[in-house]
Amino acid sequence: MSALGAFSAPAEAIEINIRAYSELQVNVSAAGTMVRVHGTLRDRQGSGLGQREVTINFRNLDSTPNRAPLDTEPDISTQVFSERGGVFRAHRELMPGRWGVEVAFKETPNLSGDRFSTTVEVREMPVELSLHMPSLVVGAQSALPIRIQATVDSVGLPEDAVVLLDEMTVGAVALDQFGRGTVVLDPPIAPGLHEVRALLSNPRYNQVEPARETLRVSEALELHAEIEEVFERLRRGMVVRGNVRDQLGELAGVRVSVDLFRKGAVADSTQDPGQSDDGEDAAPRMTVTTDAAGDFEAFFPSADLADGVWSARAEVAPDAGARVSVQAEPIEIDRQASRWLLNLLAVLGLLGGFGLLLQRFWQVIATYLSDHRRKRASRERADRALEDVEYLELSSLSEALPADEAVAPSTVILAGVIWDIWKQRPVSLAEISIRERGEDAPLRVHRVEPAQPGEAPRRAGAFRIEDLPQGRYELSVNAPGFMQSQLEFRLPHDGKLSNMRLGMIAIPLKIRRLYQSLVESLEGRDLWGTLSLHEIDDALQAVLREAELQAADEQQSNPDDDVILANDAALNSDASRAFVSALKRHLRQGAAPAAGEDPQMSGEQLMAMMTAVVEETYFSGRVFDDAVWQLARRLAERIREKAQGGAS
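Here the working numbering is used: the first residue of the sequence shown is 132, the next is one more, and so on.
No wet-lab data here; the hints were simulated from the structure. Note that the structure is a prediction, hence the values are computed from the model and not measured. Just so it is clear, CB atoms sit at the ideal spot from N, CA and C, and this is done for glycine as well. Where hints are given, some of them may not hold.
Just the calculated beta-carbon pair ranges, DEER-fashion [unchecked claim]: (1) Ala303 - Glu224: 12 to 22 Å; (2) Glu204 - Glu224: 17 to 27 Å; (3) Pro276 - Asp438: 47 to 57 Å; (4) Pro318 - Glu359: 38 to 48 Å; (5) Thr345 - Glu428: 18 to 28 Å; (6) Arg505 - Arg716: 32 to 42 Å; (7) Arg505 - Ser529: 20 to 30 Å; (8) Pro623 - Glu772: 45 to 55 Å.
Make a model of the complete structure from these sequences and hints.
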């Protein structure tokens with residue numbers, strides 16, 4: 132024993148403490164006044180730490196000025212425990228304002244602590260409450276699930292909710308973190324229409340509008356269906372029509388499945404659409420919705436149908452309860468004769484379309500030809516308006532003398548009346564010259580004059596010329612105030628020239644036609660555009676200057692000639708001076724309204740002004756002579772040049 136005691140010593144132990152580091156991962160969000168905290172508690176290796184206490188503190192930063200989010204005394208504090216995987220969550224309803232949120236894990240002997248803080252803005256926002264439930268229940272009833280969802284700004288609101296059926300509470304549920312919950316409505320429920328409401332239990336949400344839905348409970352559905360062959364939009368096919376109603380009346384918005392199949396191939400709702408029991412193809416199943424009157428209609432084109440006897444089956448599958456189906460009376464399809472009719476209609480349709488296309492094409496051609504003829508006629512009228520001579524045509528000569536005064540029909544006598552086509556009356560003073568075609572010297576000159584005192588009365592403007600040899604002739608008619616008229620004819624003639632009316636155009640009418648053709652030829656029919664009064668005045672001044680220069684040149688070439696020359700007559704005749712004076716006065720009146728501006732004149736206004744000038748000069752008692760015509764023509768040519776940009 133002594134030896135053992137000599138070699139023994141007291142025992143000693145070493146204590147080893149292993150310490151881990153923790154990390155908090157936190158997400159804080161606010162939906163209205165509800166603040167949600169969601170996070171995980173992990174170690175440095177990423178493993179979740181379950182069953183650990185986590186403290187969540189809320190501080191109202193608006194209650195105390197300059198308060199920091201991590202003051203030692205929180206306003207609200209709550210403790211939660213992490214679940215498996217370290218997940219923890221909490222929610223709290225706070226007053227509107229700015230809040231500091233602190234999430235803390237306290238240090239333990241084996242685990243370090245961690246802390247997270249942030250600020251969040253809390254404000255009042257509307258709550259959206261919705262119901263999802265069956266709308267139609269038929270027959271024997273089973274439990275009906277009623278799903279409720281409450282959200283704020285699309286974020287779930289975890290609150291308590293109750294469900295009322297016709298103002299009677301039938302269930303309550305606590306909504307989860309996503310704001311969703313389900314209340315089961317147990318049978319029986321009386322047939323008829325019922326109002327289902329959902330609302331939040333918290334008095335804070337008394338002002339939230341309840342969610343409302345209508346539940347229709349039917350004892351049994353009445354389903355009717357019939358089938359018929361129709362033409363619709365030039366397509367042949369089958370139409371299945373029907374109606375759905377119950378003890379309350381028509382059912383609107385009900386989905387109806389319609390199957391079309393040949394007789395003997397009874398369709399089953401569990402089989403694939405388009406396949407019948409006997410293996411033959413059927414028309415694809417269609418699903419339609421009833422209208423406000425409870426009626427439905429499904430159209431099946433004939434392309435999906437073969438010849439034979441066809442029937443239809445309609446089925447209503449309510450949201451809850453028994454399905455209801457009905458089969459329509461069969462109908463036979465025989466498209467052999469109708470196929471021929473459709474082909475005939477198709478051919479007729481093609482022919483009609485081709486005819487319509489030809490009609491449109493011809494309209495385009497006719498419009499083009501009409502425009503071409505109109506433009507050509509306009510150019511011809513413009514060319515004739517500038518000519519100094521009016522050429523008469525035999526086809527346009529009318530009878531002049533009444534039957535009791537006309538001479539006997541003759542092919543060698545020229546007889547008739549000189550006629551003013553403007554005033555529609557005879558011309559009492561004129562001169563007729565007849566010369567052989569191509570010759571300058573007149574062969575016969577005949578004067579038409581009023582009867583002198585002591586002579587027998589004669590018809591005004593009447594003439595008679597005979598004893599002309601056979602041949603081709605040119606006839607010219609001249610009268611004061613009229614344009615020269617010419618007619619080509621042959622002797623002997625067909626008898627029409629023995630009673631004819633030789634038309635004369637007064638110079639004022641000629642000038643009016645000149646400016647009409649000017650307006651029309653520039654840009655179509657009365658679309659001349661605009662021309663300023665100053666530009667018209669410039670054109671007039673240029674014409675007068677040209678006439679003065681030409682008259683001066685002619686005077687120098689003929690110093691001893693006392694006769695007024697043709698060019699000089701445009702400035703010195705009484706009628707031409709009155710014409711120029713009236714035109715200048717109208718130009719000054721048109722430019723008066725706005726000083727400093729250059730008024731524009733449309734084609735219509737130009738025509739009205741020129742007409743007024745011509746008529747004012749004519750009705751002043753002056754006889755229009757050739758000088759006025761030459762002046763008006765040169766002015767029209769100068770205006771055309773200005774309008775077309777040809778000259779200044």
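Do the hints match the structure? See the list:
Remark: the range hint 12 to 22 Å for Ala303 to Glu224 is upheld by a beta-carbon distance near 19 Å. For Glu204 and Glu224, the Cβ-Cβ distance of about 21 Å falls inside the hinted range of 17 to 27 Å, so the restraint holds. The supplied range of 47 to 57 Å is met by Pro276 and Asp438, whose beta-carbon atoms lie about 49 Å from each other. Remark: the range hint 38 to 48 Å for Pro318 to Glu359 is upheld by a beta-carbon distance near 41 Å.
At about 25 Å, the beta-carbon gap between Thr345 and Glu428 stays in the expected band of 18 to 28 Å. Between Arg505 and Arg716 the beta carbon distance is about 36 Å. The supplied range of 32 to 42 Å therefore holds. Separation of Arg505 from Ser529 is about 26 Å and conforms to the stated range, judged on CB atoms against 20 to 30 Å. The hinted range of 45 to 55 Å is satisfied by Pro623 and Glu772, whose Cβ atoms lie roughly 48 Å apart.
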